[in-house]
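Protein chains: 2
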Amino acid sequence: MAYKLLKNEGTARRGEFETVHGTVQTPAFMNVGTAAAIKGGISSYDLVDLKCQVELCNTYHLHLRPGDDLIYDMGGLHKFMGWKGPILTDSGGFQVFSLAKLRTIKEEGVYFSSHIDGKKIFMGPEQSMQIQSNLASTIAMAFDECIENPATREYTVSSIARTTRWLVRCKREMQRLNSLESTINRNQLLFGINQGSTFHDLRIQHMIDIAELDLDGYAIGGLAVGDTAEEMYGVIEAIEPYMPKNKIRYLMGVGTPVNIIEAVHRGVDLFDCVMPSRNARHGHLFTWSGIRNLINEKYARDDAPLDEQCDCPCCRNHSRAYLRHLFKANEMLAMRLAVQHNLYFYNTLMEKIRAALDDGTFEQFRAQMVPILGKRI
Amino acid sequence: MAYKLLKNEGTARRGEFETVHGTVQTPAFMNVGTAAAIKGGISSYDLVDLKCQVELCNTYHLHLRPGDDLIYDMGGLHKFMGWKGPILTDSGGFQVFSLAKLRTIKEEGVYFSSHIDGKKIFMGPEQSMQIQSNLASTIAMAFDECIENPATREYTVSSIARTTRWLVRCKREMQRLNSLESTINRNQLLFGINQGSTFHDLRIQHMIDIAELDLDGYAIGGLAVGDTAEEMYGVIEAIEPYMPKNKIRYLMGVGTPVNIIEAVHRGVDLFDCVMPSRNARHGHLFTWSGIRNLINEKYARDDAPLDEQCDCPCCRNHSRAYLRHLFKANEMLAMRLAVQHNLYFYNTLMEKIRAALDDGTFEQFRAQMVPILGKRI
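Taken in order, these protein sequences are the chains called A and B. Sequential numbering from 1 applies to the first sequence in the UniProt record's numbering. Sequential numbering from 1 applies to the second sequence in the UniProt record's numbering.
Isolated chain A (complex conformation):
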């Protein structure tokens, strides 16, 4: 179980990440199935056709509903939702800090109320590891505090110190859980998360501290939460030299196609974001010529496929006019076709990035694509 760096182009990396549920070709984009399903009526079986390599599920949501004990009883997430490839679960931390009500952070963990029914819940590093072990994901994320930007230096210093202490507890608890006979996936991997807001020196010191724990991968958290794209790129550039070369690197919750290309350029291997599915549900579709708002009147009688250069299930079979009609008529099929397209687009983007890295033409690809992909057409 390890990351293998196949090739560099500048700081950009072409690699492979081996897991018990299959090998991931990197750079890769994880498709977000929050509550054990992709929003928009996409099943795990559809995901295979959409060239998805890794599905991401949310610990917080699944803990509340249907409960990780139920998923454990059903044999774990893979069996429950019918996905055979790698699954990454987040730690629950991000949702505890963004969704839950009445939260109190203490050294032992976080006390909060469920956003569904107000039920009082405690989650600390050990609980997060136990839940993720019950879910039996391929990769578990460490329980951290995701600091919103901007943040004060003082708060950031104390927060990341606690996040490091929590990480030590996460590692210890996962080792214990992976040693139990009753654990479904005893090869569960643990990724640590770098925090530190936009303070480069704090980010670097935190990265050095967590690298010492020799985890299975390292994530950059706390970006794309109030900061600008330039601040984000700056943080990645600052910490990259301190990230272990032989470990996979995951930029959490990012981002647009351009953000992804720019982050690959700066040495990132793994991504996740709700953007492709969320934007799709509002009629915003990514294409190889730029971003289309399909609700626009000009598509009402447009017989062309959404993207002539795409061979996703939507573009192979349906016209812009039909898809627009489905959106206007509030048909669920609009959501499904649009989400299929956007996920296929993101997964194909990663395929093209990998091919360019293989060919040593990634910088050319970046120069060509960045001006196009962010453009509204």
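Bear in mind the hints are in silico, worked out from the structure with no lab data behind them. All the given hints hold, so there is nothing to weed out.
No distinction is drawn between identical chains; accordingly, a pair holds when it is met within one copy or between any pair of copies.
Within a straight-line C-alpha distance of at most 27 Å, the following computed DSS-like cross-link-like pairs (lysine-lysine) qualify:
{"id": "1", "residue 1": "K39", "residue 2": "K328"}
{"id": "2", "residue 1": "K4", "residue 2": "K247"}
{"id": "3", "residue 1": "K328", "residue 2": "K79"}
{"id": "4", "residue 1": "K119", "residue 2": "K39"}
{"id": "5", "residue 1": "K328", "residue 2": "K101"}
{"id": "6", "residue 1": "K375", "residue 2": "K39"}
{"id": "7", "residue 1": "K328", "residue 2": "K119"}
{"id": "8", "residue 1": "K328", "residue 2": "K84"}
{"id": "9", "residue 1": "K84", "residue 2": "K247"}
{"id": "10", "residue 1": "K120", "residue 2": "K298"}
With chain A fixed as given, assemble chain B onto it according to the hints.
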């Protein structure tokens, strides 16, 4: 283009109905794609896998949104929604009477306000034929008044007399439209609709009157709109001897699996109903052992497929526990999987009915299935 009676078992009929868009094996159930899409995120391409033979679309809904002129410009419904098989369009009459506001019925047609934006619209026999010709469906339905039950004898007498006069106008207008070079489907078929509330003598006289017009098929309308199942069966039995033997017979808007078996027994060939998709969206699933309410707590940890005897995409891949979770978490995937299952169930029911008729064992099938299929389990 004709109905061919292959075999009788009592009054029940096994037949074939030839159209320019393919031959329909009857008895058959039409799958309802109201606004040119099946509710629940099912595309025309999915319908093929669900063993659908005929898709039904709604004239009223499509006239309002996106407009039949737009669908005409896009080459007709087949091309617009990507369905290659036969399509039946209703006349719009039923929705004008049930959905539209401020309606006034006159000899020339109906004045009403759109239920979407209040826009004033007029629809008479000629307009309905023109809209359906623009949609370019395989089969157009005559514009009639669907009388709600119970109705007075006096109102029924005057209403069906007008419906007959409207039918003559529908036939004349369709002949004109089918003769135009600019018409997309110049082989469009026209079905007349029998009305007469629950008055057997009025139903019979109306059937005799409309049979004289020698149309491509005959529908029984105005049932399952306030009447009991026994009243419905009584009406079918009364008029069946007066329905042309060499024409296809369609019972509109019916019904449960048991209703369908009982109507086939009484000589009906064609059905449509929103029940399989609507019930699916509320977690009510038809199975070969009876009707399951999947929201029930007892399915929370049930690892079995929804129906062990079913090989639909839902039952092949997913457990009751997973499907229930998707419903509880309000995931769109719940709708899609459940609608897929229920449509597959209905289409398979028709397949079994046809096989039993082929084997001369339909009455045995009916005796065995009727007590099971209506049962809640």
